Amino acid sequence: MFSKLNMMDELIRNIRTDLRLAMNGVVSSSMRDKGMDYKMNFGVDIPRIKEIAEKYEPSAALAKELWKLDVRELKILSTMLYPIDEFKEENSNEWANEIPNQEIRENLCRNLLQELSYADELVQKWSADPNQSLRLTGFWLYVRLMLVKADVLQRIDTLPIIENALVDVHSQDSLLSIAALNVLKQIVRRDHEGADSIMDQIAKFSISEKPEEKEIYNNLQFELKIRS
Numbered sequence: 001m002f003s004k005l006n007m008m009d010e011l012i013r014n015i016r017t018d019l020r021l022a023m024n025g026v027v028s029s030s031m032r033d034k035g036m037d038y039k040m041n042f043g044v045d046i047p048r049i050k051e052i053a054e055k056y057e058p059s060a061a062l063a064k065e066l067w068k069l070d071v072r073e074l075k076i077l078s079t080m081l082y083p084i085d086e087f088k089e090e091n092s093n094e095w096a097n098e099i100p101n102q103e104i105r106e107n108l109c110r111n112l113l114q115e116l117s118y119a120d121e122l123v124q125k126w127s128a129d130p131n132q133s134l135r136l137t138g139f140w141l142y143v144r145l146m147l148v149k150a151d152v153l154q155r156i157d158t159l160p161i162i163e164n165a166l167v168d169v170h171s172q173d174s175l176l177s178i179a180a181l182n183v184l185k186q187i188v189r190r191d192h193e194g195a196d197s198i199m200d201q202i203a204k205f206s207i208s209e210k211p212e213e214k215e216i217y218n219n220l221q222f223e224l225k226i227r228s
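According to my numbering, the residues represented by the sequence shown are 1 to 228, in order.
Note that these hints are calculated values from the structure, not bench results.
Since this is a predicted model, take the numbers as computed values, not measurements.
Where is the CB? At the ideal position from N, CA and C, for every residue including glycine.
Please note: incorrect hints may appear among the correct ones.
[As the list claims (entries may be wrong)] Pairs of lysine to aspartate or glutamate, EDC-like flavour, derived with a Cα cap of 16 Å:
| no. | residue 1 | residue 2 |
| --- | --- | --- |
| 1 | Lys-88 | Glu-121 |
| 2 | Lys-88 | Asp-120 |
| 3 | Lys-55 | Glu-10 |
| 4 | Lys-185 | Glu-213 |
| 5 | Lys-125 | Glu-90 |
| 6 | Lys-88 | Glu-115 |
| 7 | Lys-225 | Asp-191 |
| 8 | Lys-50 | Glu-89 |
| 9 | Lys-125 | Glu-163 |
| 10 | Lys-68 | Glu-115 |
| 11 | Lys-125 | Glu-89 |
| 12 | Lys-149 | Asp-120 |
| 13 | Lys-64 | Asp-120 |
| 14 | Lys-149 | Glu-115 |
| 15 | Lys-204 | Glu-215 |
| 16 | Lys-185 | Glu-209 |
| 17 | Lys-125 | Glu-94 |
| 18 | Lys-39 | Glu-10 |
| 19 | Lys-185 | Asp-196 |
| 20 | Lys-88 | Asp-70 |
| 21 | Lys-39 | Glu-103 |
| 22 | Lys-185 | Glu-223 |
| 23 | Lys-149 | Glu-90 |
| 24 | Lys-214 | Asp-191 |
| 25 | Lys-68 | Glu-51 |
[Stated by the list, open to error] Restraint ranges, calculated between C-beta atoms of paired labels, are given here:
| no. | residue 1 | residue 2 | range |
| --- | --- | --- | --- |
| 26 | Pro-211 | Arg-20 | 29 to 35 Å |
| 27 | Ser-171 | Leu-224 | 38 to 44 Å |
| 28 | Asp-151 | Gln-201 | 18 to 24 Å |
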């Protein structure tokens, strides 16, 4: 047990060394200025983080340890190093509830969650959750699945997602409203039946006196034109 702990500590030290060698102080400072505040941020870009990830054997134990640390690059690496077939639903729920910011949310969805065989279940559950952060993650995951045309999309009931997105598109939280709008855009562009449902429900926005509702309508009308 002691030797395993030593090996894990050494592995994490090696990863930290790799990150220090790739450190970009200007990028790190810029991220802090934009509100992306971590206990530590090496400012390493995503392509370089991927290169570092390729040096190490995927490991659930290592990924769990990296996720615990409030270091930007280590959290991102954890989403790249966790073996897909070992990431169970309980892990998904735990990590989704611990997402510290939007950057980590996007990397978790892109690198790990969208590859799961039960990703459809996560979308269905999270997009309807009372917790705003979980709904945001559910929306982002759904968009990722649409973009990669994942097989699990066939199992998703779109109508509840549309209903929730039509509510959250009005949210005062810009991240949530943007995510909800992106969901609606993807559905309008790729799902004819879903598009009809959405456009019927927002038809009144075309004559709304609220600029934000007109913008929503115009955005979705544009998606219809792209599709046709």
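Here is how each hint holds up against the structure:
1. Lys-88 - Glu-121: Satisfied, since the Cα-Cα distance of roughly 12 Å is no more than 16 Å.
2. Lys-88 - Asp-120: holds, 14 Å
3. Lys-55 - Glu-10: holds, 14 Å
4. Lys-185 - Glu-213: Holds, because 14 Å separates the two Cα atoms, which is no more than 16 Å.
5. Lys-125 - Glu-90: holds, 13 Å
6. Lys-88 - Glu-115: holds, 12 Å
7. Lys-225 - Asp-191: Between Lys-225 and Asp-191 the Cα gap is close to 14 Å, so the pair holds against 16 Å.
8. Lys-50 - Glu-89: violated, 25 Å
9. Lys-125 - Glu-163: Roughly 13 Å between the alpha carbons, so the hint for Lys-125 and Glu-163 holds.
10. Lys-68 - Glu-115: violated, 22 Å
11. Lys-125 - Glu-89: Holds, because 11 Å separates the two Cα atoms, which is no more than 16 Å.
12. Lys-149 - Asp-120: holds, 12 Å
13. Lys-64 - Asp-120: Roughly 23 Å between the alpha carbons, so the hint for Lys-64 and Asp-120 is violated.
14. Lys-149 - Glu-115: Since the Cα atoms of Lys-149 and Glu-115 sit roughly 11 Å apart, the hinted pair holds (cutoff 16 Å).
15. Lys-204 - Glu-215: holds, 12 Å
16. Lys-185 - Glu-209: Not satisfied, since the Cα-Cα distance of roughly 22 Å exceeds 16 Å.
17. Lys-125 - Glu-94: holds, 14 Å
18. Lys-39 - Glu-10: Violated, at about 21 Å.
19. Lys-185 - Asp-196: Cα-Cα ~12 Å, so holds.
20. Lys-88 - Asp-70: violated, 23 Å
21. Lys-39 - Glu-103: Given that 16 Å is the threshold and the Cα spacing comes to 15 Å, the pair holds.
22. Lys-185 - Glu-223: Holds, at roughly 6 Å.
23. Lys-149 - Glu-90: Not satisfied, since the Cα-Cα distance of roughly 25 Å exceeds 16 Å.
24. Lys-214 - Asp-191: At roughly 22 Å apart (the allowed maximum being 16 Å), Asp-191 and Lys-214 break the hint.
25. Lys-68 - Glu-51: Outside the cut-off at roughly 21 Å; violated.
26. Pro-211 - Arg-20: 29 to 35 Å: Once the Cβ atoms are compared, 47 Å apart, the range 29 to 35 Å for Arg-20 and Pro-211 is violated.
27. Ser-171 - Leu-224: 38 to 44 Å: Given range 38 to 44 Å: violated, Cβ gap about 23 Å.
28. Asp-151 - Gln-201: 18 to 24 Å: violated, 28 Å
The structure does not agree with the numbered hints 8, 10, 13, 16, 18, 20, 23, 24, 25, 26, 27 and 28 stated previously, though it agrees with the rest.
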